[in-house]
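Q: Could you slot chain Y onto chain S? The hints should help.
Chains as they are written, first to last, in numbering that gives the first Met the number 0: chain S, 0 to 345; chain Y, 0 to 345.
Mixed in with the good hints, there may be bad ones.
No copy is singled out in the list; a pair is fine if it fits within one copy or between any two copies.
Below are the DSS-like pairs computed for lysine-lysine, each with C-alpha atoms no more than 30 Å apart in a straight line [claimed, not checked]:
(1) Lys250 <-> Lys66
(2) Lys119 <-> Lys221
(3) Lys105 <-> Lys256
(4) Lys196 <-> Lys37
(5) Lys324 <-> Lys69
(6) Lys140 <-> Lys31
(7) Lys37 <-> Lys149
(8) Lys256 <-> Lys221
(9) Lys221 <-> Lys337
(10) Lys119 <-> Lys250
(11) Lys42 <-> Lys66
(12) Lys106 <-> Lys250
(13) Lys308 <-> Lys149
(14) Lys31 <-> Lys344
(15) Lys178 <-> Lys119
(16) Lys149 <-> Lys196
(17) Lys178 <-> Lys105
These are computed hints drawn from the structure, not numbers from a lab.
Protein chains: 2
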Amino acid sequence: MLSDQHEMNFFGGTLRLHPSFERTVMKAIQLKNMTCLKYMQVKMPEPAENEVLLQISHCALCRTDAKMWKMGQRDLRLPRILGHEICGVSTESGRRFVVWPGRSCKKCEPCRNGFENLCKSMQILGFHADGGLAEYVAVPKESLIPIPEKLPGDIACLAEPLACTINAMVSSQVLLGDKALVFGAGPVGLLTCLALKVHGSTPYIIDIEPDRCAQTQQFQDKLGIRCATVFDARDFDVCINAAPSLDTFVKGLDYLKDCGKFCLFSGFDRNDMLSASSLNEIHYRQLKIFGAYGCTRIQMENAIGILVKYQKAVRLLIERHIRLKDVPAILPQILESKTMKFIVKF
Amino acid sequence: MLSDQHEMNFFGGTLRLHPSFERTVMKAIQLKNMTCLKYMQVKMPEPAENEVLLQISHCALCRTDAKMWKMGQRDLRLPRILGHEICGVSTESGRRFVVWPGRSCKKCEPCRNGFENLCKSMQILGFHADGGLAEYVAVPKESLIPIPEKLPGDIACLAEPLACTINAMVSSQVLLGDKALVFGAGPVGLLTCLALKVHGSTPYIIDIEPDRCAQTQQFQDKLGIRCATVFDARDFDVCINAAPSLDTFVKGLDYLKDCGKFCLFSGFDRNDMLSASSLNEIHYRQLKIFGAYGCTRIQMENAIGILVKYQKAVRLLIERHIRLKDVPAILPQILESKTMKFIVKF
Chain S
0 MLSDQHEMNF
10 FGGTLRLHPS
20 FERTVMKAIQ
30 LKNMTCLKYM
40 QVKMPEPAEN
50 EVLLQISHCA
60 LCRTDAKMWK
70 MGQRDLRLPR
80 ILGHEICGVS
90 TESGRRFVVW
100 PGRSCKKCEP
110 CRNGFENLCK
120 SMQILGFHAD
130 GGLAEYVAVP
140 KESLIPIPEK
150 LPGDIACLAE
160 PLACTINAMV
170 SSQVLLGDKA
180 LVFGAGPVGL
190 LTCLALKVHG
200 STPYIIDIEP
210 DRCAQTQQFQ
220 DKLGIRCATV
230 FDARDFDVCI
240 NAAPSLDTFV
250 KGLDYLKDCG
260 KFCLFSGFDR
270 NDMLSASSLN
280 EIHYRQLKIF
290 GAYGCTRIQM
300 ENAIGILVKY
310 QKAVRLLIER
320 HIRLKDVPAI
330 LPQILESKTM
340 KFIVKF
Chain Y
0 MLSDQHEMNF
10 FGGTLRLHPS
20 FERTVMKAIQ
30 LKNMTCLKYM
40 QVKMPEPAEN
50 EVLLQISHCA
60 LCRTDAKMWK
70 MGQRDLRLPR
80 ILGHEICGVS
90 TESGRRFVVW
100 PGRSCKKCEP
110 CRNGFENLCK
120 SMQILGFHAD
130 GGLAEYVAVP
140 KESLIPIPEK
150 LPGDIACLAE
160 PLACTINAMV
170 SSQVLLGDKA
180 LVFGAGPVGL
190 LTCLALKVHG
200 STPYIIDIEP
210 DRCAQTQQFQ
220 DKLGIRCATV
230 FDARDFDVCI
240 NAAPSLDTFV
250 KGLDYLKDCG
260 KFCLFSGFDR
270 NDMLSASSLN
280 EIHYRQLKIF
290 GAYGCTRIQM
300 ENAIGILVKY
310 QKAVRLLIER
320 HIRLKDVPAI
330 LPQILESKTM
340 KFIVKF
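Pulled out of the complex, with its shape left as it was, chain S reads as follows:
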């Protein structure tokens, strides 16, 4: 049983845990209806069997959170506590973890084939189930991924987006030595470059805004990534879109060599229309298009390893630490794709 103020080892010092059994309410960011996001007091989550109550230490904000608030998302069920890039401390063991945000059935065909991220009855934290923009979250024990002591929580919570970029890279059959172009010099685009670099391919990054390239020059220099607003056409083995504009698809096909690979990593705005002649390029030049969505547990474990090694570079992608109550004011900025990573620190 936990004492009133339970102390445990924590990176950079000790963390005082509120003993969860004494609490009935907590602070959270809840999306009640589309565009109606509230910082409010909610009931404490009650862990089911095989679940554990995690006290959140850090939760990173993602453009998908902003998109949910403004436009909805295929997997969003309302009302919902958002947040799926989570780092916290188990109220049972006191150990620190990041969380694979899915809950998969292990029985359907995608699960059996190792694609738990595509589980037929998938439940995602912050999408179908309440997520990490709260003081506590209830998570399946098997979704916990331990993190080493030397990895700070604000970096560790980026394991989820980094794992998604690993999934994009694996799904699109990127090979050692491939010349890869990433669309969108935001945090996800830059994490994609990191994954490509670690994999042994050569990452380039493109953004329509010249300012966007300049914003993270130090990160690019550290990893040897070239960022520009234009590159030579038909010069890349791989293109990966980390931006939701359909233009990334049309231009991406043009940037590919014959037999090149396009990874459809970011979904597109629904109302955009594409001409069949773009698809004919796929036919005539034997291009390949690969979809990628989410990540698996093992990809998150791999991401933790990369973050340990590259934490100094990755820290350059953090724009600011914010408080939970600041989230509603920050989301519109994230939606505009002009910021780097905001981390909610509890």
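A: For chain Y alone, kept in the frame of chain S given last:
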């Protein structure tokens, strides 16, 4: 030197060759301008160095020929003698050959990577250069693929479309045991099923016209292919379109299991428009799209092997033998996608 009437072995007897050196003109089907197709007398082709003059015995008509006449095609240069599914006799050796219709540079990146069908300076017979709807054609010696005596010329000339279906299958990473759905129960769709069958995957075929399925029941029965106008959604590992409607793409994605493969084998009508939400299916369900165009020499050699073994079944796909001068009257029927294979017999 050839005698005045040179005799040589030929399937089913002997063929009397007109000695080419004495002829200055020949009959041909020439596309002069869009929609203006003429049966006419033209100058005999003059083989360049490393080329040989082939006397055509059979040339199959393809929907692409009809499309060129009516709508043009990316690789078409006018005026042009059409025809790229060619079987004939070398006026040098008297041996029978089918012809790989490409001329590739062997130096560009696709050529060096084994994708000679995507050669940067590709010249295709019946597209960029004069083809086989004529009494004679000049072809590079290295494009000749010998055919065994037991294979009749009207079947052998189908090596080219069959090789294109093999290329589609290889390009789209079809695996042994994959459940594959082919869109369009025309001759190319049915040859695709044959290629899939030989490869060890399980072919199904779909056509919006119930009559189309009934037309080749005997072929389907021989190969154990099921044809219908509708199947269960999300039940196929692979979809391959052998029909130019954009609808095959949208429906195809829906027929695929998660992580399924769509082969964009037929190009789409240029003016069709697609909504981005169809592409989002690729993203969310990690679908894969593979382009396929043309074929390689070795795929044509493989096709010859398959045709030898399955010639009785393949004969069921031949609608009729026609004369060269009948071609202009036949093309509109082919464009309507209601016929099977027409073979010009010389």
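Q: Next, verify each hint and record whether it holds.
A: Now for the hints, and whether the structure bears them out:
1. Lys250 <-> Lys66: both (23 Å within a copy, 28 Å between copies)
2. Lys119 <-> Lys221: So lysine 119 and lysine 221 fail the 30 Å test inside a copy (40 Å) and across (37 Å) alike.
3. Lys105 <-> Lys256: Between copies only: 17 Å across chains, 38 Å inside a chain, cut-off 30 Å.
4. Lys196 <-> Lys37: neither (39 Å within a copy, 58 Å between copies)
5. Lys324 <-> Lys69: within (18 Å within a copy, 65 Å between copies)
6. Lys140 <-> Lys31: Within one copy only: 28 Å inside a chain, 73 Å across chains, cut-off 30 Å.
7. Lys37 <-> Lys149: Neither: 34 Å inside a copy, 79 Å across copies.
8. Lys256 <-> Lys221: Within one copy, since 28 Å is at most 30 Å while 41 Å is not.
9. Lys221 <-> Lys337: within (21 Å within a copy, 62 Å between copies)
10. Lys119 <-> Lys250: For lysine 119 and lysine 250, only the inter-copy Cα distance (20 Å) is at most 30 Å; the intra-copy one is 33 Å.
11. Lys42 <-> Lys66: Only inside one copy: lysine 42 and lysine 66 sit 25 Å apart there, 66 Å across copies, limit 30 Å.
12. Lys106 <-> Lys250: between (39 Å within a copy, 27 Å between copies)
13. Lys308 <-> Lys149: Within one copy only: 10 Å inside a chain, 65 Å across chains, cut-off 30 Å.
14. Lys31 <-> Lys344: Answer is within; shortest intra-copy Cα gap is 23 Å, inter-copy 73 Å.
15. Lys178 <-> Lys119: between (34 Å within a copy, 20 Å between copies)
16. Lys149 <-> Lys196: Result: close within a single copy only, 22 Å intra versus 56 Å inter.
17. Lys178 <-> Lys105: between (36 Å within a copy, 23 Å between copies)
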